[in-house]
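Trainee: Both chains are given apart, each in its own frame, so use the hints to dock them into the complex.
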Amino acid sequence: MNATASPAGASKIDWPAAIHRQFKSWDVRQVAHVPDAGHKRLIELCQADNAIAVVPLTTEEEGVALLAGAALGGQRGALLMQSSGVGNCVNMLSLPRVCRLPLLMVVTMRGEWGEFNPWQVPMGRNTEAVLELCNVLCFRADSPAEVEPTLEAAARMAFEGPQATAVLLAQKLIGAKSFVK
Amino acid sequence: MTQHLQRAAAYPLRRRAVVKRLLDGRPELLVVAGLGAPAWDCTAAGDRDLTFPLWGAMGGAVSIGLGLALAQPSRRVLVITGDGEMLMGIGSLATVAVKAPANLAIVVLDNERYGETGGQATHTSGPAELSALARAAGIARSSVVSDDVARAAAMPALFDQPGPVFLTVKVRAEDLPLVLPPKDGTELRTRFRRALGMT
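Chains as they are written, first to last, in our numbering: chain A, 1 to 181; chain B, 1 to 199.
Treat the hints as calculated values from the structure; they're not laboratory data. Any given hint could turn out to be false.
What the hints assert, rightly or not - Just the calculated beta-carbon pair ranges, DEER-fashion:
1) F159/B - D49/A: 30 to 36 Å
2) L137/A - P182/B: 47 to 53 Å
3) A140/B - L137/A: 38 to 44 Å
4) V121/A - G119/B: 39 to 45 Å
5) T117/B - D14/A: 48 to 54 Å
6) E28/B - L137/A: 34 to 40 Å
Stated by the list, open to error - Stretch by stretch, here's where chain A covers chain B in the computed footprint (C-beta under 8 Å, at least three residues):
7) 48 to 58
8) 65 to 74
9) 85 to 97
10) 185 to 199
To be verified - Below, simulated DSSO-like cross-link-like pairs (lysine-lysine); rule was C-alpha separation at most 27 Å, straight line:
11) K99/B - K40/A
12) K12/A - K172/A
13) K24/A - K172/A
14) K24/A - K40/A
15) K99/B - K24/A
16) K172/A - K40/A
From a predicted model like this one, the values you see are computed outputs, not experimental measurements. Even glycine gets a Cβ: it sits at the ideal position worked out from N, Cα and C.
Bound-form chain B, shown alone (with noise of 0.2 Å):
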């Protein structure tokens, strides 16, 4: 197990400027952000009124994605979360399949552990990888890249092709300055809210 989290030190991709490729230049992409890392990556990227980011719930990212996607189907929803949290709420993969929305991505920035708690090692640094869950569970669009010749390459996808489309990105393990975002959960839904014309 302490081989496969040294691979992780290794990885290419910082997920600080993955996150940032994947908002930058996108006002219009309604976010979730998973508990932990992804938050943060997030918020460092901008804070921004269209990201909702968790703070617990965890387990729950995909789910929200997809009750949003659900609701808003002419705006395309980009849930970012993490390893530990996808594993947490697999099934929602599944769930995801069935309904098959056109406007929902999702990304899981894969650093195969528990960044918050200790980093203790995830499923992913053995045996499972999540992609090829997502596509057992019926996410035909789902792939992982490792480099950023394959991020590239994969990440148009996510926002031209019809949805769901699933993207696992191997993110290097490391430990970055806490950018965090507003805590307050109601302050979190209103701003969400307005900025989609809502009260």
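Bound-form chain A, shown alone (with noise of 0.2 Å):
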């Protein structure tokens, strides 16, 4: 289940350690995560991390009014989570939106690159155009060098502006996943 063909071979870029760097240099004390096999190395990372609180979810929107409260508070968090998870946020978006509060959100993708499981395609087909309607801001890496610099540019606009970002972690720089091991 776990197993990955990524179709730009090996890297030797390591993007979700790049990630956890950058939420140490924007000061993110709370990552708030529904996992994708695409976030495990970055959730261990931010579990191994004491400055970072980890709050799993039961669903996404949850971190989406996890993090408004954060920012009430004086923290900035980020909310991690797969495609399928952004069509859940819809309606909570409204708090960042409303409020005009500071959201990271980090997408890992399905359904866009040698998906083998058709029910993530519709969703993650309409991903990034549900977030702009939501006034989600979206950047795109494709490839793990992009990680890094997009990761930064999101975290800046989101956490400067206050506004909502979201970078979109392409399926073709995790890797299509398959059930065949």
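Mentor: Put into structure tokens, the structure is as follows:
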């Protein structure tokens, strides 16, 4: 279930560590997540970091609300999910919009590149459009080298805006999931 | 169902008096008020900068309280919300239990109906009981009260016991005058943060 195949081949760039490094440089203190295999290593890096409260969620919109509360209390956060979770967030995204609160989302894409599961395709193909409709600025990273600068750009616009932003980590970057071991 | 709806019309506890008892004399408390009647109740008790009343984001009140509690561990955070709002975000109770913030308390004012939309029955007018759900989610300090003696006995734990603490207050279903908080989200956010010493 965890086997992945990256079309780009093995990369020397440790992009989950790059995201964690950006979290540190932006003083991110709460990381909420509904996991995807693509976020596995980043979640582990955050869990090993005593300065970050890692909050597992039952559904993604909890994370939008959680990070609004964090911002009210003076802490920065990030919300990790896969693209299917974006649909769960739609109404809750009114909160950062109406209250002008920062929100940084990091979304692993499914359903866009070599996806084996057709049930992932409808939301995956509409993720960016849905986010833009909800006033969330999207930034895509298609290769390992793009991840850190993309994260930095999105974090800057989220926290210095304040504004809701999302980094979309392409399925091409993560590797298409397969159930073949 | 009609029988169950009539049940709440006879509950002795009145929501405005309950909320006033929660908020009076506690200017330091950080409050998140769920949309609809709980937000009006909090405003009726006295609009305050450190109350963040919601006009939307249904199902998010407890999660907002959790993020706030994690960010402000030295301050007591109280979420005051309704049964319909709590049911929509019921999974957030399991998330609260996982993080177990010692400074978070949650009060649900349960009138067993959606009061803002025509009084339709919520699931709590039937077999669902929120404090049992909270306990099953992992919040051990969880109870339900339906009269003033029990209310008075349960209330101190919201403020002086290690959280998370969850309390359902069964309140009378009644139509009350609207007492509305500011509606501008940026104003609510700015005044809250300023009162906490932030810009």
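Trainee: Now tell me if each hint is right for this structure.
Mentor: Taking the hints in turn, this is what the structure says about them:
no.	hint	in the structure
1	F159/B - D49/A: 30 to 36 Å	holds (32 Å)
2	L137/A - P182/B: 47 to 53 Å	violated (27 Å)
3	A140/B - L137/A: 38 to 44 Å	holds (42 Å)
4	V121/A - G119/B: 39 to 45 Å	holds (42 Å)
5	T117/B - D14/A: 48 to 54 Å	holds (51 Å)
6	E28/B - L137/A: 34 to 40 Å	holds (37 Å)
7	48 to 58	holds (count 5)
8	65 to 74	holds (count 8)
9	85 to 97	holds (count 5)
10	185 to 199	holds (count 8)
11	K99/B - K40/A	holds (20 Å)
12	K12/A - K172/A	holds (16 Å)
13	K24/A - K172/A	holds (26 Å)
14	K24/A - K40/A	holds (18 Å)
15	K99/B - K24/A	holds (21 Å)
16	K172/A - K40/A	holds (16 Å)
Hint compliance for this structure: hint 2 alone is broken.
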